[in-house]
Amino acid sequence: MTMNTSRRGFLKSAAAAAAVLYVGTGVDGAMAAGSEPAQLNPFVRIDADGTVTAIIKHFETGQGPATGLSTLIAEELGVSMDDIQYEFAPSDASRYNNLFFGQMQGTGGSTAMANSFMQYRQAGAAARDMLINAAAQAWGVDPQTLRLDNGVISGAGQSAPIAEFVAAAAQMAAPSEPRLKDPSGFRVIGDASIRRKDSRPKTNGTAKYAMDVHLPNQIVVVIARSPRMGGLVAGFDDTQAKGIKGFIRAAVLPNRAGVAVYAEQTWAAFQARGALSIEWDFSAAEMRSSDQIRDQLIAAVNADPEYVVNSADLPTVAALIDGSDKIVEHTFYFPLLAHAPMEPLTCTIEATADGGILLHDGCQFPTGPHMAMAQIFDLPMEKIRINTMFAGGSFGRRATPSADYQVEAALAFVITDRSRPVKLVWSREDDITGGYYRPAVAHRVRVGLDATGAITGWDHRVAAQSIMKGTAFENFSVHDGVDHSSVEGVADGPYQIPGQFVGLTDVAKATTVLWWRSVGHTHTAYVMESMMDVAAKAAGRDPVEFRLALLEGGDVDQLRTANTLKLAAQTGNWGQVREGHSQGIAVHKSFGSYVAEVVEISGDAERGIKIEKVTCAVDCGIAVNPDVIKAQMEGGIGYGVGHAMRDAVTLTEGIVDQSNFPDYAPLRISDIGAIEVHIVPSTEAPTGVGEPGTPPSAPALANAIAASGPRVTHLPMAENGVEFV
Amino acid sequence: MAITLNLNGQTHEVDAEPGTPLLWVIRDELKLTGTKFGCGVASCGACTVQLDGEPVRSCQTFIEDVEGSEITTIEGVNSAVSAAVQAAWIELDVVQCGYCQSGQIMSAVGLLSETPKPSVAEIDDYMNGNACRCATYQRIRAAIQRASEILEV
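Residue numbers (this note's numbering), protein chains in the order written: chain E, 1 to 725; chain D, 726 to 878.
Extracted from the complex, chain D is given alone in its bound form (with noise of 0.2 angstroms):
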């Protein structure tokens, strides 16, 4: 079926079956390859993506539900928040093999534009469904302190 995606401010005209997950039309026929691949089952959060501002786990949502929603991946990020959360990622060097950083950084951006200063436990119940292998989980934590901190300013 013919679906109409507007993804990254742009409109893009796809061609996919239904029940295909927007991570792999995002991947494969987008060639936008920012949002991983991690589980394929919304258990590890690498393919998190935001629809209408809210990150959802696009291995988990199908092509047919996102036509009329804006979606944005890594690639499109551009906002006060997505800028202070990179920023800070960059600065405490939070990525090891980074391959679950995008989906980190989403739902980060997600925390951060729902409750500007949270707490330690706020951060873990908001992240706790973001794996990551490298268990790069504490300066995930002060990665987000710090991009609060920046949006303080």
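Next up, chain E with everything else stripped away, as it sits in the complex (with noise of 0.2 angstroms):
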């Protein structure tokens, strides 16, 4: 490379470096666009080469953001996915919050594409208007002449790339309502063979997660915590981690939920960490173990309920399942599940030069650790800076109201001299065994049946460990006592069912809880979902039809759950069962969205079940990326599916029982066929499909298991009375 250092040379070079276009909205909420991201929210950068980058302002985890918001752009912009790169945008929810959140940047709820179609588009389309005006105005020509198709600008006679124009429009206001392409013309939004823009460093080993940072100099931090959730450290001997190669040293954490453990590479800090001997103190710590904790939520779900959800009368609904001809009735039982991503939780964070803080994560909430390191580091807001990098995984995992593997590692940073980078590495025992469960939770329903099979009443208890009480979320989730992440999906369901009364009793945390793939649905489509095969079957009427009759009643929500759960039959040959074979289905509406599953096995419960097949129907709206949301849908099933089949975390005197993958067992691919998706034609908004994939799977294996075999209600299916091949 040959350095130009003539005066024209270097004049060409900084009005090049100048010629930068930003586009996105203002603090105002409304379009703006410069050649400086300071003064707004750029969604999209334009460099003075033509080339287009979309900036993301949700974490990649999997769940597709980098290519959907990509694809946004792409559209309306008017150039190819192959033409188009992604960034991570910085911490900073003044610019990049998810709009579902309020002031709060964060991805989760399955809200990346939702909260962001029509902000990403519009940046699209302003950077396109403003691009054509410049060309307009370069060529004497109306603009109304021109288009821009590809990343070139023609019309009127003329073409030329958009490089061309990026200067001159830079110095343009944006336009304040840019023209939104009509849905009929889209041509990137919806093409089944677009591509993820993540496939290939994902592919070849190059694609940088947070457990990969090598900074110079950084140590590394793993922590000795509490075996009882809530135990502190009274005292520790390092003695025999003073003889392991690369340990540094060890010392409490300042709030004495463990001992931090230093050493120069991962390898020693763990071994380091198992010659400790550490004395704790279990005087506030959970005891229990999940047996009292599974009796006690059954008995709050056989006692008068805490809270009323709906307005509906206890009494009057007893009175009507009491008379009635036929009565169903079941408890159902959900123990504590990890979340167990395939990266375990980590982070790195380093002092800058200026004096602040910089965290690279694959932070799922930059606002919660953001605000968390300010406190901590008693620095101003502007002082932290987050580095996002990919996250291996979250399912919920990575988004804690208490920011807690973020603050472990700022608490671990801050008792150092902070001239060397700390990364904190959890190993996968730590994983399992560190809270954040998705809560332990008990239902029990009651439904009458005429002699019709018409439903006369549906009285439904639920028992849960409350995920939002007590943390940042409750204003946004509790409402008159009621957690609704608890029983969303019960009462709020698109199913018009007489005569229903929901109740919910908090029962007492006994380990941290945390929303976990698809949160309060996990449950609720389970309960609701095989209840309803309970009853079709106890009115004699096919599952399929008898769900059909409950979703009569005209509302847009019944409408599509209906059509959803056709679709899911026709495709899934319901009612076509091959010889030896059997079929379950289960539809559920979850994050804005109707997904439908009928699941087919072989075998039975005692010699053994395998899943031979799932199809699935999805109505999520507008499909921006098709083959994005059927690969959502796969993994979410496969997700349902697997921790129904055989997981548990269970407590023995307040330990957890399970460490890894071998006894906290994942699917594997011998577990599950071929998944087949199809998704509903849709002109609505956008929904979600991270999480929604999820809810109907476990509900629909249960409910082929039943077709031929015992009816399971208490999950792991493995540990009551299935066996799995």
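No lab work stands behind these hints, which were simulated from the structure alone. Careful, some of the hints might be misleading.
Cβ-to-Cβ under 8 angstroms is the rule here; a few derived chain D residues that face chain E [what the hints assert, rightly or not]:
1. Glu742
2. Pro746
3. Lys756
4. Thr758
5. Cys769
6. Phe787
7. Asn803
8. Ser804
9. Ala805
10. Trp814
11. Ile830
12. Asn853
13. Ala856
14. Arg858
15. Tyr862
16. Gln870
Okay, derived cross-link-like pairs now, DSBU-like style, lysine-lysine, Cα gap no bigger than 30 angstroms in a straight line [claimed, not checked]:
17. Lys383(E) / Lys208(E)
18. Lys566(E) / Lys509(E)
19. Lys842(D) / Lys242(E)
20. Lys326(E) / Lys613(E)
21. Lys756(D) / Lys245(E)
22. Lys245(E) / Lys181(E)
23. Lys842(D) / Lys613(E)
24. Lys842(D) / Lys610(E)
25. Lys208(E) / Lys756(D)
All of these numbers come straight from a predicted model, not from anything done at the bench. Note that CB positions come from ideal geometry on N, CA and C, so glycine has one too.
Relying on the hints, combine the two individually framed chains into one complex.
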């Protein structure tokens, strides 16, 4: 490479450096643009050479926002998907907040596409209008005669790549209302041949996750945590650790929650931690066993509920059921579950030359850790930066209201001299035993049916450990004492159920609990869709017909649910089951999307069951990236059935019994056959896909098992009478 | 102890204690981060590398046992089989979070090197030790079949 030191060359490169077009929204939410990112929230950047970069405000842990938000920009701007790059946005809630979360930047609740759909399209459209206006000025033609396709502006007998107009466009004001494409003209949105933007680096080993951070001079810290939730360090002895090469030192965390073990490298840190001898203070620790917690939850659903969730009157509903021709009743139990993302939790903290802090993290909710860092290091928000990297799975675990692992890393960093970056590493054992589980939940449902098989009353009690109470999200989800996340999908589901009562009792948390892929729907869909089959059987009706009869009220929710159910039944060959096979079906609405699934199994509960095929229908509004949607359904189904089949976190006197994948068994390739996904065509605004595939999968499996075997009401299935091969 | 490693066709002198898993030497010493830490107990396969052409779990392969062997990581794969596997992975967009996929690919290369046209049962059997928490399994299965087709041409 040769340096051009001539004056002309210098001027040219200076001009090129300035000629960058940023388009986004201003602090007032209106469209804004300029050549500096400081005064606006840029969602797209166009460099002088015409390179288009989408700035992704959501983290990428596989659900596809890097591809999806790039698609929105590419569609409106008029570039091909091959010609758009992406980078992750910095942590800045004033610019990159999730529009559904208020002033908070974060990814969750399957909202990445839903909240960004108009925002990113508008940014792309504004950039297109500005580039076209700049070209029209340069050529002295009416902008209406020009168009932008594949990065080239053409019309009025002229044609030139967008690079030629970046500098001029950067001097223009953004259009207040950019012209959005009519959906009938979409050519990138909805194209099933569009590939993920992150496939290549994730296929050749170059994708960088937080676990891959190796900063100059960094050290590794691992934490020896209390084996019981809530235990505190009373003292420790590191004599044995001192003989381990690479061990630096051990120190009690300021909150006494654990001993921080510092070493030059990860393996030495693990070895040294194993060599510590620690005395714990369990006076405030959880000492119960999970059997006691289960018994407490089940007792709660058999007593009067603490809260009435809907407006129904319990004595009236009870009388309706008692007077019915048939009554069916089941009690359900759901154990604690770990998220167990493939990449164990990790993040790295370093002090920056300007006196600030830089956090390297596969960061799901940047605003939470950002605020926590500012508090712990006593720094203004602008002195904290977050480098968001790829995350190796989350399923909810990387977003905690307490920013738990980032705070742990900060506490471990704050007690060093801060001269060396500190990388916090969790092992798989730390992850499985470390709390923040899907809460344990019990349900009891009693349903009455009249002589025609119609429902007369539905008494539904839930007892759960509240996820939201006592957190910063309490106001978001808790109303009149009811944590909506404990009961979502019961009273607010699309079925028109006569005489439905829903009650809730909160049971004290035995461990830290957390949202887990699809939150309350993980258990409510299982109960609703199991009871639908139980009631249909008692009524002597086909399960699909029985459900459709409860979806005839004519509202759009019912219509979309019914259509999705019908599509799954039709494509899944409902009712045409092979010899030795059984089918089960379930449908559930969550995160704005409707998903129905037919699970086909072979074998039986005694000799062993195999999931042969799953057919899925999904209505998630406009299908932005159809293949990503299919992938999310496939993955959501696997996550749902895998845990229902084999997984539970159990406690013995407060100590977690499981520790790693052998005893917290992940779904394996041999566990599940083909998955076929069908997308309901739609012109509605896009809704979620990361979570909605999960809720119907386990009840569809349970219904398939019950078609020729036991009705499984306590999970996991493998510990409640069902063998899998 | 000083150990000479032959990794991705290059020789590296490393200093590591006996009993150190090859995984941590690859990641922390050599800074090759495509090989992943998932469980540390050979239960998930994210750390799979090739040792003399055979896939092994590097978290349970100890540094003193690999001197003299040829080690290949995801960064060093360079064969007709690995090229077909990676091309098929991209064609079918197998990845989601992607964290397990280096290990999946290293195992898939092992399978196709041994069995150029595996049946579904053979794929499931061979790949069962590689966990994917995103449950990309049916695409893994399809991509292995696709890679097999690519190799036939």
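Comparing the hints with the structure gives:
1. Glu742: holds (6 angstroms)
2. Pro746: holds (7 angstroms)
3. Lys756: holds (5 angstroms)
4. Thr758: With a minimum Cβ separation of about 4 angstroms from chain E (threshold 8 angstroms), the hint on Thr758(D) holds.
5. Cys769: Holds, about 5 angstroms.
6. Phe787: With Cβ-Cβ at 11 angstroms, over 8 angstroms, it is violated.
7. Asn803: With Cβ-Cβ at 11 angstroms, over 8 angstroms, it is violated.
8. Ser804: violated (14 angstroms)
9. Ala805: violated (16 angstroms)
10. Trp814: holds (5 angstroms)
11. Ile830: Holds, about 7 angstroms.
12. Asn853: For Asn853(D), the interface hint holds, since the closest Cβ of chain E sits about 5 angstroms away, which is under 8 angstroms.
13. Ala856: With Cβ-Cβ at 4 angstroms, under 8 angstroms, it holds.
14. Arg858: Result: holds, 5 angstroms to nearest chain E Cβ.
15. Tyr862: Holds - the Cβ of Tyr862(D) comes within 8 angstroms of chain E, reaching about 4 angstroms at its closest.
16. Gln870: This hint is violated: Gln870(D) lies away from chain E, its Cβ roughly 12 angstroms from the closest one there, beyond 8 angstroms.
17. Lys383(E) / Lys208(E): At roughly 24 angstroms apart (the allowed maximum being 30 angstroms), Lys208(E) and Lys383(E) satisfy the hint.
18. Lys566(E) / Lys509(E): Not OK: Lys566(E) and Lys509(E) at ~40 angstroms, beyond 30 angstroms, violated.
19. Lys842(D) / Lys242(E): Violated - the C-alpha atoms of Lys242(E) and Lys842(D) are around 53 angstroms apart, more than 30 angstroms.
20. Lys326(E) / Lys613(E): violated (34 angstroms)
21. Lys756(D) / Lys245(E): Measuring from Cα to Cα gives roughly 19 angstroms; hence the hint holds.
22. Lys245(E) / Lys181(E): Not OK: Lys245(E) and Lys181(E) at ~63 angstroms, beyond 30 angstroms, violated.
23. Lys842(D) / Lys613(E): At roughly 23 angstroms apart (the allowed maximum being 30 angstroms), Lys613(E) and Lys842(D) satisfy the hint.
24. Lys842(D) / Lys610(E): The hint holds at about 24 angstroms.
25. Lys208(E) / Lys756(D): Satisfied, since the Cα-Cα distance of roughly 12 angstroms is no more than 30 angstroms.
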